[in-house]
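Chains as they are written, first to last, in our numbering: chain A, 1 to 184; chain B, 1 to 464.
Quick caveat, the hints were computed from the structure, so don't treat them as lab data. Any given hint might turn out to be false.
The calculated lysine-lysine pairs, modelled on DSS-like cross-linking and capped at a C-alpha distance of 30 Å, are [claimed, not checked]:
{"id": "1", "chain 1": "B", "residue 1": "LYS306", "chain 2": "A", "residue 2": "LYS146"}
{"id": "2", "chain 1": "B", "residue 1": "LYS460", "chain 2": "B", "residue 2": "LYS187"}
{"id": "3", "chain 1": "A", "residue 1": "LYS77", "chain 2": "B", "residue 2": "LYS295"}
{"id": "4", "chain 1": "A", "residue 1": "LYS36", "chain 2": "B", "residue 2": "LYS81"}
{"id": "5", "chain 1": "A", "residue 1": "LYS146", "chain 2": "B", "residue 2": "LYS295"}
To list a few chain A residues with every Cβ distance to chain B over 10 Å, as calculated [claimed, not checked]:
{"id": "6", "residue": "GLN54"}
{"id": "7", "residue": "GLY126"}
{"id": "8", "residue": "ASN139"}
{"id": "9", "residue": "SER166"}
Ideal Cβ placement from N, Cα and C applies to all residues, glycine included.
Below, each chain spelled out in residue letters.
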Amino acid sequence: MMKMRAIRRMISVPILILFLSSCASDLDYNQVNDIKLEPVVVSNLAYFDVQANQFVTGGVEQNVIFATPTVAIFNEKYFTDNLRRVELFFEVNNTIRRNYKIDLVFLDKNNQPVHSTNFIVRAYSGVENLVKKTEIFENTSLDLLKRTTNITFTLTMFSGPQLSESSMGSIKLRSGITAYFILE
Amino acid sequence: MRKIILIFGLFLTVGCFSQNKQILYNFTSVPQSLLTNPGGDVKYNWYFGIPLLSGISANVGSSGFSAYDLFADNGVDFNLKLRNVIFSTTRKDRVGINEQIELFNGGFKIVGDQGDSFLSFGMYQEFDFFSYFPKDIAILALDGNRDYLGKVFNLGDLNVKAEMLSVFHLGFHKNINEKLILGARGKIYSSIYNVNSTNNAGYIYTIPSTQGVYEQMIYSDLQLNTSGIAKYDDSDYDSNVVKDITKKAFLGGNLGLGFDAGLTYYPKKNIQLTASVIDFGFIKHSNEVENLTLKGTYRYEGVLPKFSSGGVPEDGYQEFKDAIPLDTLYTNYTTWRPTKFNTSFQFSFEEEVSEDCNCLHYDDETIYKSAVGAQLFVMSAPRTPLVAFTTYYRRKIFNSLQMKATYTIDSYSYKNVGLGLSSMFGPVNFYILADNLLEYKDVSKANSLSFQLGINVILKNNKK
């Protein structure tokens, strides 16, 4: 009997010591609700590199060319829902000896313009001539931008030295997007 | 989104390791030690576990951080703590949980002319979760890619598996001669559900370019296999989860086979060697299977207007979605159980002049009061095996009280001290084993904790 009691003590004492001496710092799992992720994602928006001879068809200059590709990215709900700010970066590099105007018109699904921007590009004179622009969209302007389904790119060529099928040079546009998200 | 983060967070907080049962292993006064070595040198006539109470074990941990690091109520902004945790962990850090509850367990000795045999059987339920820390994906979610131009984000960091299953087992061991005991155990696994995404590869990188603004490549070879959960996705499904689980637990789930093998060998009376392989087996998933894949390669250039007449305008984003589609497949798959390997060396001393004569047997528990030993544990894991080394001291305090103290080094901790006690009150055996005792001074800062406890009824024949 004495032995049984001793055994019980042998077992219970360490267990008691373990649990009485153990402690736990205060934890607050509700902090999960404070989570706020702010990733900043960069990607390409658009790119073209139009050769000088693309402005010539059958020996005749085409002074206006355009394209209206679809842009699906703004229609993704998970993309637009948490978007807080967008920066669009554009850079035009012209190596054709003609002046240009580039018009970008952002259209919604009803073909209504929601945003437009343009670039006046000077003729190439032998030195690199970069035209850069950054546009920032927040709040109302961002809401409009999110409705974009298509962008019309229009290149208007102004008068100057005659272009032929063998003319050198190109007009190049590269555009990137920086998207600021807030997920909470 | 918040829900996903919350679930992820919960996983992390309970956050383990391996299924190392270093205290239970070769602690033969506890019948459950037979589940860690079917060739264990047990001396019972028969035993049975008290249903549901005979074997309860849990093993939780996280190698990179503790619950305290993330959830301490210390006034520090949660997002700052989250950042610190993400940037202080590596893709090798892991989080795991293992839990087992025995539904029933029993065994009896078969006396034979050429050495005794022992038959043991039972059923237990097991839950496993194992995940490496998906570091690169966490950084992308936290910061995006703007400040990481040139960095290759590794999508293979995603490596996670979870499973709930029940196991039916039948083990047999035989005393081949006075020095050698061999044992084996067959197992039937019935998987209640399985989630497995361990063979992922892929990368994303963004570098400044002269062509577009960026050169941006995505290569994705991601696959998530699931079984037993697809129908709960369907909102029309009138679910009766309890009924479903019960049915699947009793061989109605995805079935698999496995075996354990082990031995105990006494080269000398006071020297003992043991080894075992546990859960060498697989489960074939063919019911309620659903696989999600995200596979493909794409160089994302954005919108590419085509000015030439007749050209079809390209939308890079749509092309990208077509190039790396999210597909749902229904292909059967096979998972391998985490296989465990144990081995030990033990030296016994303090020979005891026995009160009840038991001297005919190589019974270290009754002949020797004390023993010291070393154990090695290796477990298969999705990337590299987990290894743990344990030294221990075992002592018979009274005839009916055994103690085993362990010190374990593994990749998570070099100060893991454990203690196990096994007592007999009449035929009733009660055992409690716990490790990482030093961490109990503040459990929320612990990186890992494990325990096993249970009650059995054991009948030993002392008169043989």
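The hints, checked one at a time:
no.	hint	result
1	B:LYS306 x A:LYS146	holds (23 Å)
2	B:LYS460 x B:LYS187	holds (27 Å)
3	A:LYS77 x B:LYS295	holds (22 Å)
4	A:LYS36 x B:LYS81	holds (12 Å)
5	A:LYS146 x B:LYS295	holds (28 Å)
6	GLN54	violated (6 Å)
7	GLY126	holds (20 Å)
8	ASN139	holds (21 Å)
9	SER166	holds (17 Å)
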